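Protein sequences appear in the order of chains S and B. For the first sequence, the numbering used here gives the first residue as 1, with consecutive numbering after it. For the second sequence, the numbering used here gives the first residue as 1001, with consecutive numbering after it.
Some hints could be false.
Unchecked claim - Cut-off 30 angstroms, straight-line C-alpha distance, at most; resulting in silico cross-link-like pairs (DSSO-like, lysine-lysine):
| no. | chain 1 | residue 1 | chain 2 | residue 2 |
| --- | --- | --- | --- | --- |
| 1 | B | Lys1098 | S | Lys93 |
| 2 | S | Lys36 | B | Lys1266 |
| 3 | B | Lys1099 | S | Lys93 |
| 4 | S | Lys60 | B | Lys1101 |
| 5 | B | Lys1101 | S | Lys36 |
| 6 | S | Lys36 | B | Lys1199 |
As the list claims (entries may be wrong) - Covered stretches of chain S (in silico footprint by chain B; criterion: 3 or more residues with CB under 8 angstroms from a CB of chain B, positions within the stretch not fixed):
| no. | region |
| --- | --- |
| 7 | 46 to 58 |
| 8 | 167 to 176 |
In case anyone wonders, no lab produced these hints; they're calculated from the structure. As the structure is a prediction and not an experimental result, all values here were calculated from the model. C-beta: ideal position from N, C-alpha, C; glycine also.
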Amino acid sequence: MNTAIILGSSSFLGSHLAGYLAGKSISVTGTYLSCKPEAPNFRAERCNLLSKAELFSLGKFDCVIHYASLVVGANKRQNNLDMMRNAVEYSNKTGARYVYISSSQVNFDTKSDYKMSKVESEEYITAHSQDYIIIRPAAPYGKLLPFKYTRKQPMHVLVDFVKKFPAVPVMGNGKYLRQPVHVDNLNELVFRCLQNPAVKNKVFDIGGPEQLAFDRIVDRIAERYQKRVIKVHLPLFVFLLAANVVKFIDKENTKAVTCNEKADNASWQAFFDIPLIPFERGCHDL
Amino acid sequence: MNQKLLVTGSEGFVGSRTVLHFKDRGWAVTGIDLAIAREIPGVTKMPLDLRDAQAVRALEGMDFEYVIHTAADQTSKTILANNSAADENLITCLSRKKKVKGVIFMSSSLVSTSADIQYTRSKILGENRLCDSGIPFVILRPDMIYCRDEKKMIEYSRMIQKGFAVVVGSGKYLRSPTHLDDLLAVFELVLNGNRFPNKVYEVGSPEPLTMDDIVKTLALSLGKKARLIHLPLPVAKLLFSLKGGLDVEQLATMELDRVSDLQRLKADFAYAPRTFAQGVESFKKA
Chain S
1 MNTAIILGSS SFLGSHLAGY LAGKSISVTG TYLSCKPEAP NFRAERCNLL
51 SKAELFSLGK FDCVIHYASL VVGANKRQNN LDMMRNAVEY SNKTGARYVY
101 ISSSQVNFDT KSDYKMSKVE SEEYITAHSQ DYIIIRPAAP YGKLLPFKYT
151 RKQPMHVLVD FVKKFPAVPV MGNGKYLRQP VHVDNLNELV FRCLQNPAVK
201 NKVFDIGGPE QLAFDRIVDR IAERYQKRVI KVHLPLFVFL LAANVVKFID
251 KENTKAVTCN EKADNASWQA FFDIPLIPFE RGCHDL
Chain B
1001 MNQKLLVTGS EGFVGSRTVL HFKDRGWAVT GIDLAIAREI PGVTKMPLDL
1051 RDAQAVRALE GMDFEYVIHT AADQTSKTIL ANNSAADENL ITCLSRKKKV
1101 KGVIFMSSSL VSTSADIQYT RSKILGENRL CDSGIPFVIL RPDMIYCRDE
1151 KKMIEYSRMI QKGFAVVVGS GKYLRSPTHL DDLLAVFELV LNGNRFPNKV
1201 YEVGSPEPLT MDDIVKTLAL SLGKKARLIH LPLPVAKLLF SLKGGLDVEQ
1251 LATMELDRVS DLQRLKADFA YAPRTFAQGV ESFKKA
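Please model the entire structure based on the sequences and the hints provided.
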């Protein structure tokens, strides 16, 4: 595997993977739409993934890694599906391996447009892609690279809060579980999948080595920055009420925040040996 | 023997100049539009509604090898339906004609942004329909096409002469204005070389400018100073919804930066468009 194209390379995860694969001597091209990656160690090409014509303009690669996904916008469900369909057709036509980055949210008991677009995408890929791997990362985190990002990960927003304010608002009771996975572990899993053509047409969950209550994650970040923060637990109904008033708060996404996250790492551990980074150590990269 | 060209939208700003440009260079040009505004000796013109599938069949009996498709609805409330029907009918008809060597499809720089409005959706559908048709194509996405006698330039010049200029929104959003002659030069490169690489190309000035700087540059070339008056977007929306003649959805995307990425155009056609400062300088010579 010598060449890779990353769809959505200006995202936190996409930009990390692009640098990681470039470091493994893979020639990387990354697509972006509105946020051009600055001074990357890969070739950045603008591409609206809804345009098949533009995607097919980009030529042939050994593998297509699909991160791009809309989390906002009224048509995000349909647009995410359309982008994925184009990407599947593109990889099938060019004989490339297709790696789709889904989300741990597919296991949640919610019906957000974002989650449903991931569920429907997975169904489409398993039915139509000739050579695919689907990866569902749980709460990814890691260092922010010197890029202009499409958007920060929730973990970075939390770190900003801990650093700037003496109190951190926590949605609900803070006892819901997260399984944060370090971005290096996710990158390594993608890389290993690409290197092993025999491992194909699989769905892998990936999370960190431990499940942590959200309150515990806040405490660990506060410890890492030697800060004392007060966790202010705000009842979920306050956010749901706000969702009815303020349109940009998605009600179903809000519900997803308090779902317990559990990644079945055994799904890929049967094929690869990747030591998982505990959050206590990994959070020093935040 | 003369080469034969069909220009759709022949009475529009780009279409009418395209017709004259190629007619002056010895091409046999046919122009179609909803209604014919001006007959030109040596040019065949025909009123044709591309939304009417039956009427479009008339093109099958006409003699042309190349098509420049500039016709598009940018202002009505049914942009998506109008443009989709027109593109579908035209491309279906062209697919049946054996003699068509290539199509230049005029898309828009808005497709290279995150704008998700009727107009961009219609352009993406058109791009994808063309991509699936098997007809050799070039898709161009120019930004803010201007020349000396373009409506916006005339309006701004008039205001500047009076010592002011009204700019919608903050004026800080970026644009990559495309001089009409640069667009026509790209048309020529494609058609004269019969080069249809089935790709999407952005066209625009190499150095993006804020809207404020565009007006200031124009004022400078006129040897005037103009006070900039920023019209808040909600006020502009209200005014234009009363006045009509502009897609209010497009107005809402005004603050999105439109920075042309010229790397594909330079690589495949070795063409570099002029800067806006060079463009307005050329007004003096015209």
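Results for each hint:
1. Lys1098/B <-> Lys93/S: holds (25 angstroms)
2. Lys36/S <-> Lys1266/B: Given pair Lys36/S, Lys1266/B holds - Cα atoms ~18 angstroms apart, limit 30 angstroms.
3. Lys1099/B <-> Lys93/S: Holds, because 27 angstroms separates the two Cα atoms, which is no more than 30 angstroms.
4. Lys60/S <-> Lys1101/B: holds (25 angstroms)
5. Lys1101/B <-> Lys36/S: violated (35 angstroms)
6. Lys36/S <-> Lys1199/B: Between Lys36/S and Lys1199/B the Cα gap is close to 20 angstroms, so the pair holds against 30 angstroms.
7. 46 to 58: holds (count 9)
8. 167 to 176: This one is violated; 0 residues, fewer than the three required, reach chain B with a Cβ under 8 angstroms.
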